[in-house]
Amino acid sequence: MPTVAMKVNGANVVHDIPDNTLLVSFLRETMGLTGTHVGCDTSQCGACIVHVNGESIKSCSILAAQLDGADVTTIEGIANGDELHPMQQAFHENHGLQCGFCTPGMVMSAIELVEKNKNLSEREIREGLEGNICRCTGYHNIVKSVQDAATRMGG
Amino acid sequence: MYSTKYVKARDIDDAVKALKSADDGKFLAGGMTLIPTLKQRLANPDCLVDLSACGLSSIDDEGSAIRIGAMTRHVDVAESALVQKAIPALTHLAAHIGDRQVRNRGTIGGSLANNDPAACYPAALLALGGTVHTQSRSIAAEDYFDGMFETALEEDEIIHAVSLPKPEKAAYVKFPNPASRYAMVGVFVAKFADGVRVAVTGAGEDGVFRAHDLEAALNANFSADAIADGMVSSDGLMSDIHASADYRAHLIGEMTRRAVNACT
Ligand SMILES: Cc1cc2nc3c(=O)[nH]c(=O)nc-3n(C[C@H](O)[C@H](O)[C@H](O)COP(=O)(O)OP(=O)(O)OC[C@H]3O[C@@H](n4cnc5c(N)ncnc54)[C@H](O)[C@@H]3O)c2cc1C
Ligand code: FES
Ligand code: FES
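Top to bottom, those sequences are chains H and P.
For the first sequence, our numbering assigns the number 1 to the initial residue and increments by one for each residue that follows.
For the second sequence, our numbering assigns the number 1 to the initial residue and increments by one for each residue that follows.
Think of the hints as simulated: they come from the structure by calculation, not from any bench.
Built from N, CA and C at the ideal position, the CB exists for glycine as well.
Among the hints, erroneous ones may be present.
Below, in silico cross-link-like pairs of lysine-lysine (DSBU-like), each with a Cα-Cα straight-line distance of 35 Å or less [stated by the list, open to error]: (1) H:Lys7 to P:Lys17; (2) H:Lys116 to P:Lys8; (3) P:Lys169 to H:Lys118; (4) H:Lys7 to P:Lys26; (5) P:Lys85 to H:Lys116; (6) H:Lys7 to P:Lys5; (7) H:Lys116 to P:Lys39; (8) H:Lys116 to P:Lys166.
What the simulated footprint calls covered on chain P by chain H, stretch by stretch (three residues with Cβ under 8 Å from a Cβ of chain H suffice, anywhere in the stretch; the number is not a length) [unchecked claim]: (9) 100-107; (10) 176-187.
Chain P with its partners taken away, still in its complex shape (with noise of 0.2 Å):
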């Protein structure tokens, strides 16, 4: 690991201000991906600023939606009564990230934040038609994704928290990679009064992204029988050493399908 210099900010004001004067600054989180990559040395900031201090771990019921703090980790996620309540498909996927050590340090906002083309918090926020809001604004999410481990923020822009609009029912399944956990393949479905949102990661060679194709198909009928095989085309989809691009499609039908029987 380069050297670099540890800060712990007090609060948000103090965090952007640290991080403005250093020449490459990134705030820290969880660090379940930063501190990896530092390690690595595919990273070398000057300055690690921990936002730790900054007291952004909470989860509040806003009537239609949830909102949670961006340093709330995936255990405190997957342990609460309230996301249990209202999003149980929520619980489930902050439940399956990773393993339990990734889970008691990793968060919400720094996997948002990271967007990984395999990481699960991104599909939920696409289906859901969740905000990320940050110091400055608040960005829908169709908005906030802008391809591979690349968002709307700004050097400088933190993420306070996100909402999350509460659906009538929604599931997530994904396929893991069997050594990092992380998604081969990951289907977050949502129905709402107004329709369905079908978001799918791990998939996409730009990252997260919504499947209209399927959404029509189950607007038309929610249910499993709604998803054809041949139905997901693998244009646009990854090839890599864990699965081709036409493995992909095909698993993107099959997730879908378990999300729909999956859906509470």
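Just chain H, with the same shape it has in the complex (with noise of 0.2 Å):
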């Protein structure tokens, strides 16, 4: 079993893993960090999105082997203590969630796309989430919740 040591949401961490263990599944089982989701056995519904490295991945399509040193933020590591991340405050106050089970992810990517480019027009916003498959709420309302994440980000 190879040894794995990365930093995730800023804590140094260090486990002996099967070479085959998703980095998802490292998350949830070896860390208990629930809040990653599995959505899909496709990669495509985005779910499963945390930060490596500062950029959006899905997690349940690489192996925690490969991440070997890298540094990893769930959803569980963007808030500021009790002060939610923008984001998450603009999802929250927009409604942009209805079951919450896409939202991890969800908002995940949509930081990623407001920190490249914050003036984005509401089709670049559609664009760049196309990652992220949402059953519940039409999108609208995640696109605004983005909209006015943007503005408290500084766009």
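Take the two lone chains, each set in its own frame, and fit them into one complex as the hints suggest.
Below is the structure:
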């Protein structure tokens, strides 16, 4: 079993895990961080999105062993104590979620999207969230939430 | 996912050695095709040889062509000023593969090695008349593709890089599958001083192919009007739940017209 060392939400973690452990299983089962969800078997839904070295990726489609030495941030790692991340606050205030299953992935994906470009058009937001599927909201309030968050994040 | 062994290769020699010492090893690039395949237990390799530390990520200007390292990710091609200047059609192609997370991981080498019949890069390689470079040889696009998911690559052959000649103008237009974003039909049109090349992906029963009839029409008259309805035969085209062969034939004509109009 390989030993994998990475930073998860700012803390250094070291674990021995089977080679075939997916990052999402490592996060949910080894680390107990169940905010990152699994929604599909086909790498299409985006419920599992986390940040690796600042970039959004699908944690269901990468092995934890590939990320030895990496810096991983999950939905649990973005709030500042009791203060929600502006993206979380915007989803909360704009009714950007219903069942909430897609939300962690949406939020993590949207944060990277806005950090790269704070002046996004509605079309750019919709295209930017192509990798995230939501079966409840119809996306309308998700787009509104991201627009609101972009303003809060300095757009 | 079946159990397997993971090895991060230090360089290409190390990667080839690791693959040779496994019974049924596989190279791992961005994993955007391979990992989903493993998750669904459609493959059972005993060893995964990660190429990410082999130094294969690069984009260079070679004068009449650009050379892209195999591990260069779709996002890197999409955001490259060099590619945008030399072959803007390629920037557009890379920027529309899958979604942002797929582009943050998936690589040009992985896409070409996999040769999915609905993938985008195979159309670019064939229309641009590019070359695939491995540790032992250089393979011209014409000799590289060998039917669906099949290529001229040997088991232990690693793509180092691809060279893509700069066209006078080019465009890639795809009709994306609404769920996966793969091409239901994708057409890459490239105009060179010595003629026009048209490559079609997403449609052929044997994977990517050149549409010689459309090339002849565009060589006579490089205009969308040169592509008449019914010019594309449905012989040899795929029929599946997404589209019939006839519909794909229609889409090839329409995507070609749009590509000619979009050529820059
Ligand atoms: C949701 C989703 C949507 C997608 N949409 C599109 C799309 O619209 N258009 C499109 O073209 N593609 C699409 N893809 C596929 C994506 O582009 C993949 O990244 C690509 O096909 C494979 O590249 P990879 O780097 O991920 O390779 P991997 O999955 O790591 O490997 C794929 C295969 O290639 C072999 N291989 C990899 N690198 C090399 C090398 N250097 N030398 C020799 N063999 C090698 C591996 O052994 C494996 O067999 C999509 C994928 C997903 C999950
Ligand atoms: S669970 Fe990762 S994309 Fe669906
Ligand atoms: S809120 Fe239910 S899936 Fe998006």
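Notebook entry, point to check: Of the numbered hints stated previously, which ones are contradicted by the structure, given in increasing order?
Noted result: Structure breaks no hint.
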